[in-house]
Each structure stands twice: as C-alpha cells, then as structure tokens.
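Colleague: One-letter residues, chain by chain:
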Amino acid sequence: MNLLSASGIDYGIDGVSILNDIDFHVETGELVGLIGPNGAGKSSLLRLLTGIEKPDRGEIRLEGLSLADISPQQRARTLGYLVQGAQAYWPFSVEKVVGLGRIPYQKWWRQQNDEDRAKVEQAMQVTETLAYRNRIVTTLSGGEQTLVMLARILATENRLILADEPVAALDPYHQLHVMEILRQHASGRRAAVVVLHDLSLAARFCDRLYLLSHGNLNNSGSVSEVLTADNIARVYGVDSQVQCNGKAVSVTPLRRISDHHP
Amino acid sequence: MILQTNDSRLLNAVLLVALLLVLMLAVSNGAVDIDLGKAIGDAWHRQASVESLIFFDIRLPRALLAALVGATLGLAGAALQGLLRNPLAEPGIIGVSNGAALGAVLVFYYGYSAYAWFVLPVAGLTGALLAVLCIFILVGQSRSIITLILAGVAINAIGGALIALALNFAESPYAMQEILFWLLGSVANRSFREVQIALPFMLLGWVMMLYCGRFLNALTLGEDTAKSLGFDVARLRLVLVLGVAASVGAAVSVAGNIGFIGLVVPHLVRPFVGYEPRRLMLASALVGAILLLLADLAVQSLSGTTEMKLGVITSLVGAPFFLLLILKSRNTLQ
Amino acid sequence: MCVSLSALADRPQRIVSIGLCTDQLLLMLADRGQIASLSVWAKDSNMSYMIDAVGDIPLNNASIEEIVRLQPDLVLASEFVAWDTVGFLRQLGYPVEQVPVVKSVDEIYQLLGSFGAWTGNPDRAQAMAGQMRRRLAEIDARYADRPAKSVIIYSPNGFTIGADTLEHDLFERAGYRNLAAEMGISGFQAISLEQLVAADPDVLQIDRRLSTQDSLATAALKHPVLDKLIRRREYLDIPTRLRICGGPMIVDAIEMMAARR
Chain X
1 MNLLSASGID
11 YGIDGVSILN
21 DIDFHVETGE
31 LVGLIGPNGA
41 GKSSLLRLLT
51 GIEKPDRGEI
61 RLEGLSLADI
71 SPQQRARTLG
81 YLVQGAQAYW
91 PFSVEKVVGL
101 GRIPYQKWWR
111 QQNDEDRAKV
121 EQAMQVTETL
131 AYRNRIVTTL
141 SGGEQTLVML
151 ARILATENRL
161 ILADEPVAAL
171 DPYHQLHVME
181 ILRQHASGRR
191 AAVVVLHDLS
201 LAARFCDRLY
211 LLSHGNLNNS
221 GSVSEVLTAD
231 NIARVYGVDS
241 QVQCNGKAVS
251 VTPLRRISDH
261 HP
Chain B
1 MILQTNDSRL
11 LNAVLLVALL
21 LVLMLAVSNG
31 AVDIDLGKAI
41 GDAWHRQASV
51 ESLIFFDIRL
61 PRALLAALVG
71 ATLGLAGAAL
81 QGLLRNPLAE
91 PGIIGVSNGA
101 ALGAVLVFYY
111 GYSAYAWFVL
121 PVAGLTGALL
131 AVLCIFILVG
141 QSRSIITLIL
151 AGVAINAIGG
161 ALIALALNFA
171 ESPYAMQEIL
181 FWLLGSVANR
191 SFREVQIALP
201 FMLLGWVMML
211 YCGRFLNALT
221 LGEDTAKSLG
231 FDVARLRLVL
241 VLGVAASVGA
251 AVSVAGNIGF
261 IGLVVPHLVR
271 PFVGYEPRRL
281 MLASALVGAI
291 LLLLADLAVQ
301 SLSGTTEMKL
311 GVITSLVGAP
321 FFLLLILKSR
331 NTLQ
Chain C
1 MCVSLSALAD
11 RPQRIVSIGL
21 CTDQLLLMLA
31 DRGQIASLSV
41 WAKDSNMSYM
51 IDAVGDIPLN
61 NASIEEIVRL
71 QPDLVLASEF
81 VAWDTVGFLR
91 QLGYPVEQVP
101 VVKSVDEIYQ
111 LLGSFGAWTG
121 NPDRAQAMAG
131 QMRRRLAEID
141 ARYADRPAKS
151 VIIYSPNGFT
161 IGADTLEHDL
171 FERAGYRNLA
181 AEMGISGFQA
191 ISLEQLVAAD
201 PDVLQIDRRL
211 STQDSLATAA
221 LKHPVLDKLI
231 RRREYLDIPT
241 RLRICGGPMI
251 VDAIEMMAAR
261 R
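Protein chains in written order, with our numbering: chain X, 1 to 262; chain B, 1 to 334; chain C, 1 to 261.
If you're looking for bench data, these hints aren't it; they were derived computationally from the structure.
We put the CB at the ideal spot given by N, CA and C, even for glycine.
Treat each hint with caution, since some may be false.
[Said to hold, decoys possible] Which chain B residues face chain X? A few, computed with CB under 10 Å, are given here: (1) D7; (2) L10; (3) R85; (4) A218; (5) F231; (6) R270; (7) Y275; (8) P277.
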C-alpha cells in the first residue's frame, strides 16, 4: 500500500535548481534507499518528504492526503526525521532525549504519563540503549548517540522513518545495528527511507533503490536493477565490482574513471 | 554533577519559600529602624503612621520591584540561552537591555511618558525589540557563540552612545548624571506606580516565554528535528523574542539596566534541572528574584550618603563569573 | 590688558558679574550704567529675585572670552564657582572679587557693606542693611507668640539642607526647628526617603527648582509617600529666589515662613 508518494518535484534554493522532476514513492513494509554522489540532492529530497520544507512544484501525498494539508502534529506523529549527524546541544540524560520523542502526544499541561514512559522504555529496549539510560548523551560515542536518536524516533511510533545518512561515521558494529533496526521497523504497516553512501549496505538492506544524480532521478527499482556496474560508473564515475553471495551483496569501488565529470 | 530528577515541583517549592523569606528580610531592612509590628498594625487599622508609610509605601514597592525585575532577568536569560543555544546569552550581554534603556530615556526625558501610563514600558519594549532585530541581522545564520557575543558588544556600544547623546540633549540639567541609573540600574525610591506600569508587560512576557518551554527542549536536537516534532520554529522564535522584549523592556524602563543576572542565574540553576531549558525557566525566575533582592540588601547596607547603584553589586559578582565561564569553555566556544 | 589700581578708587563703570547671587546685589546696589554684564542666571524665573530689573543688560556664560571682550574694570564671582576662570582673569590683570557664600543673615550685612565699597555706593548699602534690620525686628515681634514648628527641606536627588547654611539661619529666625540640623547634618547632604518620613516634620519644604523638566532627580520629589506624609501636614512653598542668595529678599522669605506657623 502506498504510504508516501511524491510526483513532479522541483526544488531550488536562491535560484539554484537542486531537484528536477522527481517521482518517488514508498510502500508499507519497504525499506527504500536513496543513493547518489555528493550534492545529488538526496538530503534535500528527504527534507521535502518530511514536510519541513516545501517543493517549488509538484505534490507530496501521505496516505493519499496532500502533505501540506496535514497538521504539523499529525505529521510529527506519522513521519520521523533522523537528521544527519544528530546531536543534542544540552547534556540531557539518554532517557530524557528519548523522552523528547513523546512530544507530539503531550499537552502543555501534562508532561509525561505512564504510556509515555512505557513507550520510551520500549524504544530503548529495541535499540539496546537501556544500559546507559542515565548517562549524559553528549558523553557517548558516535554510534551510541545515533542509537539514542533512533530510539527517540521509535518512541514517537512513527509509521515512516526518514533517516539522513544515519551510519556515516559509525563503526561496522553500529552500522549493522542501525540498519537492522531500520529493517525491522520497515515491516507491516510501517516503512523507512534511508539516505546512504555505503552501496554495500544499501544493497544488503534495502528493498528498492532510487539513484539520484545532479538533482535528477537517474534510475529506480530493485537492488539488482539499479546497482549495476554500468550505472555506478555513469553516476559515480568509478569502475566497480558488484558481487552477489546469496544474501550478501557487495559493491567494491575499484578505480576512478578518468574522464568522468562529477 | 547533574541532578537526575524528572520534575521541578520540589525545587520550585523550596525556591518559593526561600523567596518569601528573603522578601521578609528585605522589608525589615532599611535606612531607618522601625517597629514592623506597629507598621503592619497601623496599616491594618488604616492609620497612616510613620512606620506604616515607610513599610508599605517605601520598602514594600522597592522589594517587590527588585523581585519582579530579578525574576524577569533570570527568566529572560534562561529563555535566550535556550533559544540561541548559547551559554553566554543574556539580555545585557546581547544588547537588549541597553536598547530598552534607550527607548525609556527617549520618552522619559522628553516628556512623552506623561501622556499615558504605558508609554514608558512600551518604549522599553520597542527599544528591546529593535536591539534583538539588529542582533539577528548581524548574526545571520551563524551558530557561533563568539559571533553572538561580538554582535552584542556592537549593539551595546551603539546603545550606550545613543543613551548618552539623548541625555545630553535633554532639558533637565540632571539628565546627564542620571546615565549611571540607566547603565547600572537601581530600585531606590521606586513606588507602587512603577510596579503598576511595569507589571502587566512583565507578566505578558513571562507567559510568552514559558509557553515556549517544550519548544526549547526540542530545540536541543536542532531546528530541523524540532520542526519534525511539529513545532513552528519561526512563530515560536518570534513569540519568545517578543516575550523577552516585553518583560525586559518593562523592567529596564523602571529600574535601568541591571546586568549579569540573566547570565549567572541560569548557570547556577541548570545542574538542578537536568539542563532542561523548560524547567530552567521558572526556577531561574525564582532564583533571579532572590539574588536581586539580596543584591539590593547589600546596596542598602554598603551605601554611604549617596546610594550605590544595584548594577555595581551585580557586576562585581557577575563579571568575574563571566570571565570564569569563558575560561572554562574556551575550547568549545568556536 | 592692565587696569591701574588707582582707577579703582573711583566708582567702577564696567562691572561684570558671573554668578546668580552677585547678579542680585549688583542690580540692587549699583547704578545701571555701572553694570557691563550679568550672568545668564539673572534671567531664571525660579532663582533670580531681580529678574524684572535685568532688562537688556548683556548676559554672559562666565567664559573667559566673553569676559575679556567686555573689558571689565571689576569682576564679581561667587566663592566656589569657576576657579580656573578667576585664576586666569587675575593672571591677565583683571581685578576679581570672590564673594563668599553667606551662611547666616549676619554675614549678609557684611556682604552688603562689601558691595557698597566695591560699587562705590556705600550709603545705599548701609540704608539697605538698616531697613533689613528694622523689618526683621518687626517680623519677630509680630509672630512671637506663635508656636515653633519643625521643618525639613527635600531637594532633587534627596538633598536636604542642614546647619551652617543660610537656609538654616532663615528657618531659625522664622521660628522653625530645622530637623536636618537636629539629625546632625551640616551643609548640603542627601538623605533617604525613609529618613525623611521618619523625621516626621510639621512642615515640608519641597525644592521645586527645575522640577518642570523630567528627570529621576525630581521624580523622587513626586513619590506618592510624600503626598501621604503631607496629608496631615503642609507644604511650605517659599520660592527659591527668596532664599537661595544672601540679600534683602530673605526678609520676604522669613516673613512668609513666620506667617505660616
């Protein structure tokens, strides 16, 4: 079932075109990957999909309703945005950061009730962050912080998670952990969209991929359709080796193509 | 050491009791020794005696104003630090207080404040708002703490110069000497009249700032995350800024620019509220009121024949504190 | 430009006064033709008793350039005012008399004598002094049976006037007790609003000098507590011009005060 769809998206900043005629959709139960070289417009597309920015042209629909018509509170409950490099400024405890995820359900006169506390507990359990619930989030490692931010989103019980490069600076252990949580989340009536640089991770965890280049949609479809050596050479400018070993798919960049203009 | 409590009800209750005690201390002290029992008794029986006049018409409004102004400055400091995510932000440092003083000076010394009771606090509000506008223009999109402080230095310098200019051209020959009041602040000789004209705007400002509490909490994760949590960042930023301008504008218009309360108080309180901006605000208001009352007590006991300005005490404590803060966070200030 | 001392033996013809109080006595004791210039304060309606007599006499701001241009043969200055101006003028050779600030009515008589000598009109001065003594004696007798009252002065910035001042002497001669002096204050000193209320005077003299222009200094004079203090008491409103300078006008002040007892 179509959860979020975008058609004919144009977007620019200060007269510079960033996205050009993009079509996109994600269905329930899917983990969709957004890939492409730096500056392709992936993060911008993600921000448009979360509703915090509006496209210059085109429409975004959430469960059939136009995104612009949905109240910010309803949007907050349905769409979860994990920003790139998410960090807390003030040194909150981990539990408090995760608790922020319950804001879309709270009234100004009521802070936290039992239901809130239960959801927070559950979110920390899934992300295995219960062990440091009382630690100060700014003292954690990068991987641990990302898990806490993810827990915050899980506490909101969003149906659709939109994550911008969540694993960029993480070690392999945490990379896999984060992707596993997103994969697990994208089931049933829920889904997730992830912006990734690591093509192997994208290949391994995503159901479908969208390949962006210079603000245009270069290719979209299943992993094997999009991740061909040809596509990668054309868009990224590198010769690569694509290998499928049963469940694991790996993409290994070998060599830069000399006359490629990024 | 950060206190891991989840609500501030106990803390606020304790602070409220402390505030009431300090208020009682403040009205029991003054230039003249009076019998408090007689003062209250006479007032109760509507007998205007020397004691009741001193207690109710001189000491009480002075203490109330000190508490209200202290609360405003503490609250505004906490609000600004939360909004700007800058531990050095406060109305004095970023130039908002001087802006308010300029507005007040222009209407007070040129006769406009006599037209209606609200002219003076509204002028303070307008001056404060203009200062904030200039700060936002100067700082732009920069998240750097240093940039904000520098912008504040510039606005303070311009504001101070314009205040001096306005006082110089004022009709009254006393005007120029009174620059000390506007730049350092004082609650001496203030009556219930001053409390009445400032209170409505202070209350309005407090409500507006407190309303933004949860928004400030969410803001710790960045503006984009706050937006995704359903907050209209632009609107709430405006509400908070207006709240700061209204309350600080009113406070400065009757008590002058009392510095450093908005800087010191949130720092003292933060560890006790788990660094949460929302809980910080009310607690900072209470502590701000307590501190300013204590400072006013110090002023009254240290003064000779000419009364020392309140800002002298707050600066003596606040400026070294400011230095310590800078030293402590030298590495993180970029 | 030197003026020979022998010329001073005759009556000076170009007298310049650079202060309010010297203006007053000069207008009273010199011929109009002897006066070259008065200070700008002579035209202040609050403080200058002789304001109507000024007419078109040129006014000065007590600046060296103005004074030199007037080519005075005598300059009169108040004791504590414009020291550098006085020093400079003397260096340039101009005769300058520094007139002491009077602290009592008796010193006024001495002052009248000095002015009489300087302006070359000693008889006029003597007559004025004699008239003052007569009027004062008469006032004293007329109001002798009225009770004494306590009074305190409150000026901008909370200043009051204590013992060893002209105002104090006027109060005493008018039959008042100056509470500031009883508080131990000598000269001009600031007191707090609390001290003022605690003094509990029968009569309060608010110095309305310059109070039409807004400032914080005068705002304290409008503090609501003063209205409440005064409800059972009175304001004494002796115009500033009658009591700020030493001269015959203080008799009017004393008369007004005595009549209000």
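Colleague: Please go over all the hints and tell whether each is borne out by the structure.
Modeller: Tested hints:
no., hint, result
1, D7, "holds (7 Å)"
2, L10, "violated (15 Å)"
3, R85, "holds (5 Å)"
4, A218, "holds (6 Å)"
5, F231, "holds (7 Å)"
6, R270, "holds (8 Å)"
7, Y275, "holds (4 Å)"
8, P277, "holds (7 Å)"
In this structure, only the earlier hint numbered 2 is contradicted, and the remaining ones agree with it.
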